[in-house]
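Chains as they are written, first to last, in the working numbering: chain A, 1 to 332; chain B, 1 to 883.
If you are wondering where the hints come from, they were derived from the structure by calculation, not from laboratory data.
What you are looking at is a predicted structure, and each value in this text was computed from that prediction instead of being measured.
Please note that the accuracy of each hint is not assured.
[Stated by the list, open to error] Below, a list of computed lysine-lysine pairs in the DSS-like style, where the Cα atoms sit at most 27 Å apart:
(1) Lys251/A to Lys120/B
(2) Lys448/B to Lys343/B
(3) Lys172/A to Lys122/A
(4) Lys491/B to Lys341/B
(5) Lys291/A to Lys796/B
(6) Lys642/B to Lys460/B
(7) Lys146/A to Lys72/A
(8) Lys67/A to Lys132/A
(9) Lys676/B to Lys187/A
(10) Lys174/A to Lys697/B
(11) Lys697/B to Lys162/A
(12) Lys432/B to Lys360/B
(13) Lys162/A to Lys642/B
(14) Lys491/B to Lys251/A
(15) Lys642/B to Lys251/A
(16) Lys343/B to Lys432/B
(17) Lys544/B to Lys296/A
(18) Lys202/A to Lys172/A
(19) Lys827/B to Lys120/B
(20) Lys146/A to Lys67/A
(21) Lys64/B to Lys43/B
(22) Lys154/A to Lys203/A
(23) Lys72/A to Lys796/B
(24) Lys296/A to Lys697/B
(25) Lys291/A to Lys251/A
(26) Lys519/B to Lys460/B
(27) Lys460/B to Lys544/B
(28) Lys80/B to Lys642/B
(29) Lys112/A to Lys132/A
(30) Lys544/B to Lys112/A
(31) Lys341/B to Lys120/B
(32) Lys544/B to Lys432/B
(33) Lys202/A to Lys67/A
(34) Lys697/B to Lys172/A
(35) Lys697/B to Lys291/A
(36) Lys296/A to Lys796/B
(37) Lys519/B to Lys432/B
(38) Lys697/B to Lys187/A
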Amino acid sequence: MKNKNIVQSSPAFCKKNVIFASSMSTRCKFAIFFMIISMLWSCSEPLQLEYSKEQEWLLECELTPSKRIEAKLVSLGNFNNIESGSIIENAVIDLGTDTDLAFRFQYDARNKIYFIPLETYKIDPSIPYTIKAYRFNGDTAPLEAKTKIPVGQKLVFTSNPKLTDAIVNGTKRKTIQLNLSIPTANKDQGFFRLLAYRKIFKKVDQGGEITFEPTGETELLEFGGNDAEPLAFHQSAMDGAVLFDINRVDKNNFELRFNTASSISEDDHFETIFYTLEALAESSYRYKLAKSKQIKAQLYGNSDPVINYRNMTNGYGYLGACNPVSDSISFE
Amino acid sequence: MRKIFNILLIIFVCSDSILAQQTPQDTRVSYRCVNKPLPVVLKELSKETGVNIVFSESKINSTKTVTIGATNELLVDVVKVICEPFKLTYQIIGGNIAIVSQKFEGLNEQFTLSGYLRSKEGGEALPYAAVYLADRSAGVFCNEDGFYALKLKRGNHNVVFSYVGYNEDTLQLFLGRDTTVNMRLGTSNQITEIIVEEDLTRTTERYGETYFSTDRIANAMMFAGEADVLRAINSTSGVSTASDGFGGLSVRGGNYDQNLILYDGVPVQNTGHAFGFISIFNSSIIQDSRLIKGGFPARYGGRLSSILDIKTRDGNNQHYQGELSLSTIASRAVVEGPIIKDKASFLLSYRRTFADPWIKELSRYIIESGDGKGETSYHFSDFNGKLSFWIGRRHQLSFSYYNGGDDLRSDASTDKTSFGARYNSRDINEQKWGNQLASVHLHSQLGKNVFSRLIAYSSKWESDAYFFDRNAVDSAAVVEDIYAADYKVSKLDMQGLRWDLDLQLNRNHLFRFGAGYVKNSFTPGFISITNVNTGPIFPEVITKDEISLLANSNSYGSSELTAYFEEEFNAGQNVLFNLGVHGSQFKYGTTTYTSAQPRASMNINGQKTWFNLSAAMLRQYHQALSDNGLGFPSDQWITASKYILPADGFNANTSLGFLLSKSSSVVIGAYYKSMKNIISLGEGEALQITGGEEWQKLIPRGEGKAYGVEAGFQWSHPKAEFEINATYGKANRQFEDLNNGESYLYKYDRTYMTNTSLSLKTGEKSRMNVFFTYQKGSNVSLPTGGIIVREQNGQKYIYPVFEGKNNYRFPAFIRLDVGFTFNSKSKIGEHRIFVGIYNVLNRKNPVYLDISRNNFDLNVYEINKVSIFPVLPSLSYTLAIGK
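Chain A on its own, in the form it takes in the complex (with noise of 0.2 Å):
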């Protein structure tokens, strides 16, 4: 299969062509040929490439505080080709504050990542962090990014979740409507990824007395939309969260719409909502969200191509940071 990635379709006349048999005159079949010819010839051939990013690297890192410290760093492949590319083992990676280099990644072979132990060093919130990643040749310049980590916001409801019936691509779901505000959010620290979910619980019938025990299980809810300014508000591709950027709409009252990922029986319980909110630096946040888009991509034939984020110079990639705040609310 075919899927054209830049144009809906290309036009009838890119076919090349050969000659056929007619019955008419050879000098006239020959010319009336040959000026159709032309006219249906398109060329389609390689591009040659004049340059490639072939062999550079890309790290992937992102903080938060309480968590161990993890960087995965590779080699950039040819789109065309899946052999190439490579995980990068043994290289020097360190993480500091812009004035006093502090820790030197360790390298976990089995889960081929690179790691700072959490007995070692733990994410201070209120220092910016900066990263560096060397070549092993020593002759070009290493792979650097810059972050801060942004300070946990507490969500808050401005009004109780509401509860409906929905139809969702023709199946019965429960559709949560929550208004909500991030007031000690700012313009510097408006990045988002929310993640919403419910516990899966199960009825029991305890001598005609019924009720539900939770299973363990939870369920992701889906972003559901929003009225305001849906551009805003991206459901991830990746873990089904929800990315969104404050600045773009009213911190102080606005609407988020979750579903539930299947119908709700009756043998089921619904009466919390527990959820993450995560206040991202600006480069986790971007860098999510074009990740997520080209995974989307990958469904659609007929996009745009989703440009890639970094704030990494000198390579690929991105160091982020991260700090979640978890809590949950429960329908009246």
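Since chain A is already given, all that's left is putting chain B on it; use the hints.
For chain B alone, coordinates are given in the frame of chain A:
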């Protein structure tokens, strides 16, 4: 023959009145005198004629005398002549002649010279023809109906009537009252031999406008033997396309949907047959067209970048004539003639591709040679009809109709077994698009200085595109059936009424006013379905009917009320101002947008130099949602709404021109434009438009800027014409939701462009045309690497890395065309043969990038640059009968 008057100095200090009985305007007199004081002469004239002449001796210079000899001349003419050296004039008050100072000369001392300019042969109007005094102290351009109104002082005037491709005519007249002069200009002999001596004062961009006469279009380089107004426009500075006309026009860094294209006053949404390679405008019936790239007059509105105003001609109201034409691509017929001689005429034209049988046979052969079956068919056609009625001397009623469209169908399938594996594929492509335009025009001369145009119109645009693509394999290793179906529809239906009024207040003031109402209905729709089955091949097709039902396309209504006023006034010293405001109120449901867009331009026109400075605020309510800005017929035209804001623009323009000699000129200019709230498809989004309004919220909006300088040189000689122009410009876009919010180069930022054309008379009846263009390549988004993701289960994926939007510039676009035109006459009529070679250098100029996944390995991407036309010979034959 008028007598020669010699006027000498006489001194008078007295006050007197002479009673008389006769009507002054009709009175004639024979009178002679030598060196007499003016008061004496006036008294003698009064006595001689019996007309009461009133004057104040204290106002008359006593050092001058009068010498005059007149035989049977009008008294008022004699009085006018003898008073002139004294800076005096006269007014007729009741039955008297009052001698007054020239500075108190009232409005009744200015008279209107007005009328229509038409062609001598066919009687059709000559829009925008020039009418001016030979000393160039005053002048006007005709309006689009060939009507002019020139306010002049009483007296003798040499009035020049000029129109490109026609013999210039000079009329000597004494203007003593409002006068109507309807002129019929004849075509020059040279023109019939295809020698065009373009009037440089009109072809250069004096007013930020470029005119394209019929001959200029005909002499522009032809594509496949078809003369084309859009190709002529594409050869001017600041105008570019993706390639070979493909994808519409980008004017000075604007989107293709930002051009207001009027065809006989009716807005047209899409101007291309064959994806834009050939315009829908049949060059045989175009009277005049002009492109406005800057200095937008207030009477135009609704687009941000340019105005292309195309007028079709009226049918010949003198005699019947016709034209038959056969070119590489299309055949064409035009018939016209009088319904009632001088009173009514008709014009009919029809054009159609004749290549469809060949395309079908050819495609069938190609498909079958690949072990498949199926065929491709394509054709386009258009019909124009115009009825024109001249009602009295002051009214013209006309009906115009256009209907044209394209139809492309392709269905190819294969089903073969090889090495135990079965491969099945199906590729269906059905696209139809077209315009239907209808209008009624009533053009009236309401008074000596007042002209009215009333137009009621309907403009319909409809496009639908259906694609189905299946690739399936059933083998021991893989069983997979992947298919995708897309359906796109875009309809735009406009019904409007517009009234324009031109009022020539006096020789220095032209006031225009107008109002209009248009009702719009938009029907966009897009649905894309992709499915992957891992079961056995089940070669069903999602049909067009099935998928179009899923698209569930809604119609969205809107309306727009517009009004404008425009004042064009001559401030003296050849300085002309045009000031105005274009206002609009747009309604979509309960959402209303209102705007007032001021427009201003200043033109200084000297004998050999001219200067123009202009600025305009603009607003656009309709935009096309385009795939990567390429401009396909399947693009969605959408209206401003609650969620889609109208686009706003600012445009500033300046130019300076020099007439180097009678036959050569140079123009240099600069422009700047900014745009807000322009729209685009989102990255990675295949925006599904399936009813409702939710999709409208997902359209990113952003800003754009473009600026640059342009220069042009023209040289014209009876045997040759040469033109070269160059543009250096930048254009960029910035969307919060595209390219990570960073500014990026607009697709058609070509930075540098130059066009050169030479038209050379090679014999009495032959001419050679050469056209060369060099343009820096357009910009596309190109992946520079891939992120290889390895899942725990060993599965791998590639995500192409795009560093930035439009980060790659194609190689330069270079094209050289050569053509020869041969003319001859026979008893049947005039014959014209064009033989040409398009893209002589056979340069493969890329149009777009095709980034696709490999048919058999979805994790492998292939990038191809697609160019359309290599070297292309073309041939056309035209027979004009009765011309």
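Hint-by-hint comparison with the structure:
{"no.": "1", "hint": "Lys251/A to Lys120/B", "verdict": "violated (72 Å)"}
{"no.": "2", "hint": "Lys448/B to Lys343/B", "verdict": "holds (21 Å)"}
{"no.": "3", "hint": "Lys172/A to Lys122/A", "verdict": "violated (45 Å)"}
{"no.": "4", "hint": "Lys491/B to Lys341/B", "verdict": "violated (41 Å)"}
{"no.": "5", "hint": "Lys291/A to Lys796/B", "verdict": "holds (16 Å)"}
{"no.": "6", "hint": "Lys642/B to Lys460/B", "verdict": "holds (24 Å)"}
{"no.": "7", "hint": "Lys146/A to Lys72/A", "verdict": "holds (16 Å)"}
{"no.": "8", "hint": "Lys67/A to Lys132/A", "verdict": "holds (20 Å)"}
{"no.": "9", "hint": "Lys676/B to Lys187/A", "verdict": "holds (23 Å)"}
{"no.": "10", "hint": "Lys174/A to Lys697/B", "verdict": "holds (23 Å)"}
{"no.": "11", "hint": "Lys697/B to Lys162/A", "verdict": "holds (23 Å)"}
{"no.": "12", "hint": "Lys432/B to Lys360/B", "verdict": "holds (17 Å)"}
{"no.": "13", "hint": "Lys162/A to Lys642/B", "verdict": "holds (26 Å)"}
{"no.": "14", "hint": "Lys491/B to Lys251/A", "verdict": "violated (39 Å)"}
{"no.": "15", "hint": "Lys642/B to Lys251/A", "verdict": "holds (21 Å)"}
{"no.": "16", "hint": "Lys343/B to Lys432/B", "verdict": "violated (39 Å)"}
{"no.": "17", "hint": "Lys544/B to Lys296/A", "verdict": "holds (25 Å)"}
{"no.": "18", "hint": "Lys202/A to Lys172/A", "verdict": "holds (19 Å)"}
{"no.": "19", "hint": "Lys827/B to Lys120/B", "verdict": "holds (22 Å)"}
{"no.": "20", "hint": "Lys146/A to Lys67/A", "verdict": "holds (18 Å)"}
{"no.": "21", "hint": "Lys64/B to Lys43/B", "verdict": "holds (16 Å)"}
{"no.": "22", "hint": "Lys154/A to Lys203/A", "verdict": "violated (33 Å)"}
{"no.": "23", "hint": "Lys72/A to Lys796/B", "verdict": "holds (16 Å)"}
{"no.": "24", "hint": "Lys296/A to Lys697/B", "verdict": "holds (18 Å)"}
{"no.": "25", "hint": "Lys291/A to Lys251/A", "verdict": "holds (25 Å)"}
{"no.": "26", "hint": "Lys519/B to Lys460/B", "verdict": "holds (12 Å)"}
{"no.": "27", "hint": "Lys460/B to Lys544/B", "verdict": "holds (22 Å)"}
{"no.": "28", "hint": "Lys80/B to Lys642/B", "verdict": "violated (66 Å)"}
{"no.": "29", "hint": "Lys112/A to Lys132/A", "verdict": "holds (18 Å)"}
{"no.": "30", "hint": "Lys544/B to Lys112/A", "verdict": "violated (49 Å)"}
{"no.": "31", "hint": "Lys341/B to Lys120/B", "verdict": "holds (13 Å)"}
{"no.": "32", "hint": "Lys544/B to Lys432/B", "verdict": "holds (12 Å)"}
{"no.": "33", "hint": "Lys202/A to Lys67/A", "verdict": "violated (33 Å)"}
{"no.": "34", "hint": "Lys697/B to Lys172/A", "verdict": "holds (25 Å)"}
{"no.": "35", "hint": "Lys697/B to Lys291/A", "verdict": "holds (21 Å)"}
{"no.": "36", "hint": "Lys296/A to Lys796/B", "verdict": "holds (16 Å)"}
{"no.": "37", "hint": "Lys519/B to Lys432/B", "verdict": "holds (24 Å)"}
{"no.": "38", "hint": "Lys697/B to Lys187/A", "verdict": "holds (23 Å)"}
In the structure shown, a violation is registered for the earlier hints numbered 1, 3, 4, 14, 16, 22, 28, 30 and 33, in ascending order.
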